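**Q** Sequence order for the protein chains is A and B. At position 394 of the first sequence (counting the first as 1) the number is 394 in my numbering, and the numbers step up by one without a gap. At position 122 of the second sequence (counting the first as 1) the number is 122 in my numbering, and the numbers step up by one without a gap.
Don't take every hint at face value.
[Said to hold, decoys possible] Label pairs and their calculated CB-CB ranges:
| # | chain 1 | residue 1 | chain 2 | residue 2 | range |
| --- | --- | --- | --- | --- | --- |
| 1 | B | Phe-65 | A | Thr-79 | 32 to 38 Å |
| 2 | A | Ser-391 | B | Arg-18 | 50 to 56 Å |
| 3 | B | Phe-65 | A | Glu-904 | 48 to 54 Å |
| 4 | B | Asp-137 | A | His-546 | 43 to 49 Å |
Since the hints were derived computationally from the structure, they do not count as laboratory data. Just so we're clear, the structure is a prediction, and the values are computed from it rather than from any experiment. The beta-carbon is built from N, C-alpha and C at its ideal position, and this holds for glycine as well.
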Amino acid sequence: MAERIRITIDGQTIEVEEGMTILEAARMAGIYILTLCYDPRLEPYGGCRLCLVEVEGHRGLETSCTTPVVDGMVVRTNTPQVQDTRREVLELIISDHPYECLICPKAAEGNRCPPFSVCLKDTKVTDRCLVCSKNTRCELQQLVDYIGVRQERFVGALRPIKLERSNPFFEYEPSRCVLCTRCVRVCEEVRGVGALDVAYRGFQRAIVTAYEVTMPESNCEFCGQCVLICPTAALTKRSYKLLGWPDHSVRTVCPYCGCGCEIELELKGDRIVGVTPVEKSPVNEGCLCVKGHFGYDFIQSPERLTKPLLRRPTGSMMPIEWDQALDTVVENLARVVAEHGPDAVAVISSAKITNEENYLAQKFARACLGTNNIDQCAQLCHAPTLLALSSALGYGTMTNSLADLQEAGCILVIGSNTTETHPIAALKIKAAVRHGSRLIVVNPRRTKLDRFAELVLHPRPGTDAALLAGMMRVIMEEDLYDGAFLSRWCLGLHDFVLSLQEFDVHRVSKITGVPVADIVAAARLYASGGQDERHHLPEAEFIHPHPTPRKPVSAIVYGTGITHHHGALNAVQAILDLALLTGNLGKRGAGINPLAGQNNVQGACDMGALPHFLPGYQRLDDEEVRTRFQRLWGVELPTKPGRTLPEIFEGIRQGSIKALYIIGANPMLSEPDLAFVEECLRALDFLVVQDITLTETARLAHVVLPGTSFAEKDGTFTNTERRVQRVRQAIAPVGDSKPDWWIITELGRRFMARQKTGEAEETSSPFGPWNYSHPAAVMVEIASLTPIYEGIGYERLEGEGIQWPCTSSFHPGTPILYRDGLPHKVRLWPVEYAPLEVQTSAEYPFLLITGRELLHYHTDKMTCRSLGIMEIRPESLLEIHPEDAAALGIGERELVRVISPQGEVEATALLSEHSPRGTVFMTFHFERSPVNRLIGHAFDALSKSPELKACAVRVEAYYS
Amino acid sequence: MARQVDGPTLTLAEIISRYQGQKGALIPILLDVEEAYGYISADMAEQIAWTMRTSPAHVYAVASFYTRLRTQPRGTNLIRLCSGIACEVEDVTQIQRVIEEELGISVGETTPDDLFTLEMVPCIGVCGQSPAMEINDVPYGNLTPDKVRQILARYRQGET
Ligand code: SF4
Ligand code: SF4
Ligand code: SF4
Ligand code: FES
Ligand code: FES
Numbered sequence: 001m002a003e004r005i006r007i008t009i010d011g012q013t014i015e016v017e018e019g020m021t022i023l024e025a026a027r028m029a030g031i032y033i034l035t036l037c038y039d040p041r042l043e044p045y046g047g048c049r050l051c052l053v054e055v056e057g058h059r060g061l062e063t064s065c066t067t068p069v070v071d072g073m074v075v076r077t078n079t080p081q082v083q084d085t086r087r088e089v090l091e092l093i094i095s096d097h098p099y100e101c102l103i104c105p106k107a108a109e110g111n112r113c114p115p116f117s118v119c120l121k122d123t124k125v126t127d128r129c130l131v132c133s134k135n136t137r138c139e140l141q142q143l144v145d146y147i148g149v150r151q152e153r154f155v156g157a158l159r160p161i162k163l164e165r166s167n168p169f170f171e172y173e174p175s176r177c178v179l180c181t182r183c184v185r186v187c188e189e190v191r192g193v194g195a196l197d198v199a200y201r202g203f204q205r206a207i208v209t210a211y212e213v214t215m216p217e218s219n220c221e222f223c224g225q226c227v228l229i230c231p232t233a234a235l236t237k238r239s240y241k242l243l244g245w246p247d248h249s250v251r252t253v254c255p256y257c258g259c260g261c262e263i264e265l266e267l268k269g270d271r272i273v274g275v276t277p278v279e280k281s282p283v284n285e286g287c288l289c290v291k292g293h294f295g296y297d298f299i300q301s302p303e304r305l306t307k308p309l310l311r312r313p314t315g316s317m318m319p320i321e322w323d324q325a326l327d328t329v330v331e332n333l334a335r336v337v338a339e340h341g342p343d344a345v346a347v348i349s350s351a352k353i354t355n356e357e358n359y360l361a362q363k364f365a366r367a368c369l370g371t372n373n374i375d376q377c378a379q380l381c382h383a384p385t386l387l388a389l390s391s392a393l394g395y396g397t398m399t400n401s402l403a404d405l406q407e408a409g410c411i412l413v414i415g416s417n418t419t420e421t422h423p424i425a426a427l428k429i430k431a432a433v434r435h436g437s438r439l440i441v442v443n444p445r446r447t448k449l450d451r452f453a454e455l456v457l458h459p460r461p462g463t464d465a466a467l468l469a470g471m472m473r474v475i476m477e478e479d480l481y482d483g484a485f486l487s488r489w490c491l492g493l494h495d496f497v498l499s500l501q502e503f504d505v506h507r508v509s510k511i512t513g514v515p516v517a518d519i520v521a522a523a524r525l526y527a528s529g530g531q532d533e534r535h536h537l538p539e540a541e542f543i544h545p546h547p548t549p550r551k552p553v554s555a556i557v558y559g560t561g562i563t564h565h566h567g568a569l570n571a572v573q574a575i576l577d578l579a580l581l582t583g584n585l586g587k588r589g590a591g592i593n594p595l596a597g598q599n600n601v602q603g604a605c606d607m608g609a610l611p612h613f614l615p616g617y618q619r620l621d622d623e624e625v626r627t628r629f630q631r632l633w634g635v636e637l638p639t640k641p642g643r644t645l646p647e648i649f650e651g652i653r654q655g656s657i658k659a660l661y662i663i664g665a666n667p668m669l670s671e672p673d674l675a676f677v678e679e680c681l682r683a684l685d686f687l688v689v690q691d692i693t694l695t696e697t698a699r700l701a702h703v704v705l706p707g708t709s710f711a712e713k714d715g716t717f718t719n720t721e722r723r724v725q726r727v728r729q730a731i732a733p734v735g736d737s738k739p740d741w742w743i744i745t746e747l748g749r750r751f752m753a754r755q756k757t758g759e760a761e762e763t764s765s766p767f768g769p770w771n772y773s774h775p776a777a778v779m780v781e782i783a784s785l786t787p788i789y790e791g792i793g794y795e796r797l798e799g800e801g802i803q804w805p806c807t808s809s810f811h812p813g814t815p816i817l818y819r820d821g822l823p824h825k826v827r828l829w830p831v832e833y834a835p836l837e838v839q840t841s842a843e844y845p846f847l848l849i850t851g852r853e854l855l856h857y858h859t860d861k862m863t864c865r866s867l868g869i870m871e872i873r874p875e876s877l878l879e880i881h882p883e884d885a886a887a888l889g890i891g892e893r894e895l896v897r898v899i900s901p902q903g904e905v906e907a908t909a910l911l912s913e914h915s916p917r918g919t920v921f922m923t924f925h926f927e928r929s930p931v932n933r934l935i936g937h938a939f940d941a942l943s944k945s946p947e948l949k950a951c952a953v954r955v956e957a958y959y960s
Numbered sequence: 001m002a003r004q005v006d007g008p009t010l011t012l013a014e015i016i017s018r019y020q021g022q023k024g025a026l027i028p029i030l031l032d033v034e035e036a037y038g039y040i041s042a043d044m045a046e047q048i049a050w051t052m053r054t055s056p057a058h059v060y061a062v063a064s065f066y067t068r069l070r071t072q073p074r075g076t077n078l079i080r081l082c083s084g085i086a087c088e089v090e091d092v093t094q095i096q097r098v099i100e101e102e103l104g105i106s107v108g109e110t111t112p113d114d115l116f117t118l119e120m121v122p123c124i125g126v127c128g129q130s131p132a133m134e135i136n137d138v139p140y141g142n143l144t145p146d147k148v149r150q151i152l153a154r155y156r157q158g159e160t
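So that you can see chain A by itself, here it is in the shape it has in the complex (with noise of 0.2 Å):
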């Protein structure tokens, strides 16, 4: 705890904590001091000097924002001096800028000119506040309405009009920059990009790129932040100058990945024109990455479905009224429940749809059906981590929140490249780093947080398991366990010692192509929280500019560069292993962190949209569990365990899976073996998609429901820290399509009435009737029958969202797992380790890496839509490193032909070091390119996650 101390600003005498900054204090004290450069999330920098004041004893005036309290400082905010200093500080930094209407005599009576009034003095046009996409919303306005400017005393030149609009989210025009930095700041200290900097000296000062290239040439993110911080129009987004800024907003939660941040999205009438983050919230604090910020036109796309489509015989798609569309769906579905058992129908939910839409889709399959055959595409890459962490711990999932990273000593993340694919996730990483957390990044090609670690290891693709296991030798050798932590909870100590035997360091090291040097400083530096100082980069000044001293604990964050291979399961369980072996898990700043991908995959397994488990990972073989759902239902539950997604399609390959509904999913880009899937889906009796648009996996189904993005509905998400956040309704569903859970509502009341026809007797049970009215009515039964959200319900998710297991309405959620132990001891796996099944060969040189990257969201659905979005990045790049390219006589920007033995697929080269030699990558966003095509049918034997990662392929020039 810091000193407490006492200072008098302004005759007020106050108490402070000691290190706080005059102006901070007086904000505190509720005593308004200007300024211009100063934001609260930004290091004190003190260039605008706007906030100048005079203090007792010093000689001239300090600028408050960097000058720390001292006790018993005197300070005085509004003397004469400190008034004409800064009248004339301000009128210098107006100087350069569009001044005319700043200064005009109306606005000095207190109004200013509305929009296309006449103006009396005859100014240039560029000159004025008035055709400014600002105008009333600007700092610089309100400064100089305060202080009173209404003369032009220095007057300077204007900076050039050199609109910088290469971009197609926010512009900047530097006649309106005032040079305060802090979007210079933002960008460097926030985001940790760095993409901006202040060039030149004197007038000529200006906000440049490196090198001065465009914002798409140069390493900008387009996240937007500097755009929100900008005080004045220098940067603007254009959709507020195409569309007008909003007339109101509806805050929600953004669709994209598993972060969950909380947007505002804001509209003018019923037209989106914008979002932007909203800076309470506890997960994004004010920020999102460029697809939660820009990546919207997909809710008003004109390719949204806005009709039911019936399949004609013809082949051709005809729209046709719900109900016809809905007796239909229903009428197909119980012929093949009774011509061919309930098993003979799958349900394949989204990880993309709410948590109470993932609850009935469920309950469609279990309860109407009769069937456990309902998956979704978290399979993809969540089940090695459920299946390893719930087996283990009892919870499959992030056992800390994102905010804790902020407090380890130390962060380990592995197979994610967090930058791209979880980007608030980052910011949290680079945050901590900046005070003093210490890095270890370990993914086998160069990613963006490199930049921010202390250690960055290159493994060979599919070897983690293996360096892991080099690690904890490591660690064992050198007693850096938490002996105490390994005799309460951990059994099997002596196997899992065995089983480390084969995994010397140089072995290791001859496996992972790391160098037994760093696997060594790894292995130190997480088992001491990051407090080991035998190794320690020197460049860092940069990184960590305001070290504070850690708790000696490590974190560990993983993504799918972990679960998305053959051998997933060795690897969870190694990180597993790690984390009970130095004693890191329910504490703050430690855990085991799995990113989940899209932005639901937690609520959609939450909710049992999955063959093994009913909602909340209840036991389908429990019979106590059982038989509530039973009761409450209504109806007798299916016992036999369901089929997983690659079981479902390898069922209605050999025929015992005749019909299949899809809701928000589009497996005919997202699953591994692409000509696989189709043949399957065309084999299919009866297929119904629900989706918003005609994806290639709709365009194949018997009748299409058009569903509603998140936009248009109310409900639930659960982001990847287990948090669960309202989704509100913005705007009224686009054309004639419907929520998702009123669709699946009607389809399970109409089920049931059909399937009741001749018994006249009411059900009794409770939740026995198909008929929600709203998805609240459907979380209180969530809550009900699910003890991990049984205290959450809509009205205690008005603020920031709680953190599951809340098991009673008082209980305030859970932002840390197992604070008080274990749910009992758990064995330590012995490690294993199975090298990738793809083998590079002489035909096939080349091994090949999929991924995600930050423009884009899993399949291209949602992004594709965004042109923004498409015009930075409209297609799909095969990274190769130039040495590689260069043998195979392939230019920058060429065509390639990319084949594997299973297919082939075309990419445009893009040459970059970031791949290691011998080793390329793609992404898996777009149409033209399906790079699952390439991807082989092994998937990991027990967790059945397919080896999308990884697959063996020879490059070859398009035109050659």
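Starting from the structure of chain A, add chain B with the ligands where the hints point.
**A** Same frame as chain A, but now just chain B with the ligands:
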């Protein structure tokens, strides 16, 4: 001051490693690179930024702040046109326009054939003969548009 013809004396990696582990090494590194290569290229800035763990924009900003540091390659012939008071009075702007037209570049740039770089500098000390310029340290005074064209033509033909 002319450009190193035999190639740089030190590689970038060597320069960087000289300062390994030192705080505040950015400016010394940039000065050394300037000395060895005559300018700091975008690629070099990126590498320097990476080792220093800062951003290329920051490296560029520092380089553009100091007039001694150059961010563009320098041509074989460095034209330094005087922008001092005397030359200003004698309409050096007109001379500047002529040179820019002749070479197809503006101040601070280098011709695509790497032959000329044009810079504006403060007074070069021959105010009696303003407007004036220096090419590779050789001063030329009393410039007129025609005279400038002739001088440039001579350099084009290989005079150094
Ligand atoms: S958009 Fe983001 S990354 Fe780009 S310059 Fe602005 S703050 Fe930096
Ligand atoms: S662009 Fe905006 S935020 Fe950046 S320095 Fe200029 S006025 Fe400040
Ligand atoms: S995509 Fe993820 S990081 Fe980006 S704004 Fe949305 S939730 Fe936040
Ligand atoms: S706010 Fe203090 S100097 Fe700008
Ligand atoms: S002013 Fe040009 S030489 Fe002095």
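**Q** Out of the numbered hints, which ones does the structure contradict?
**A** none
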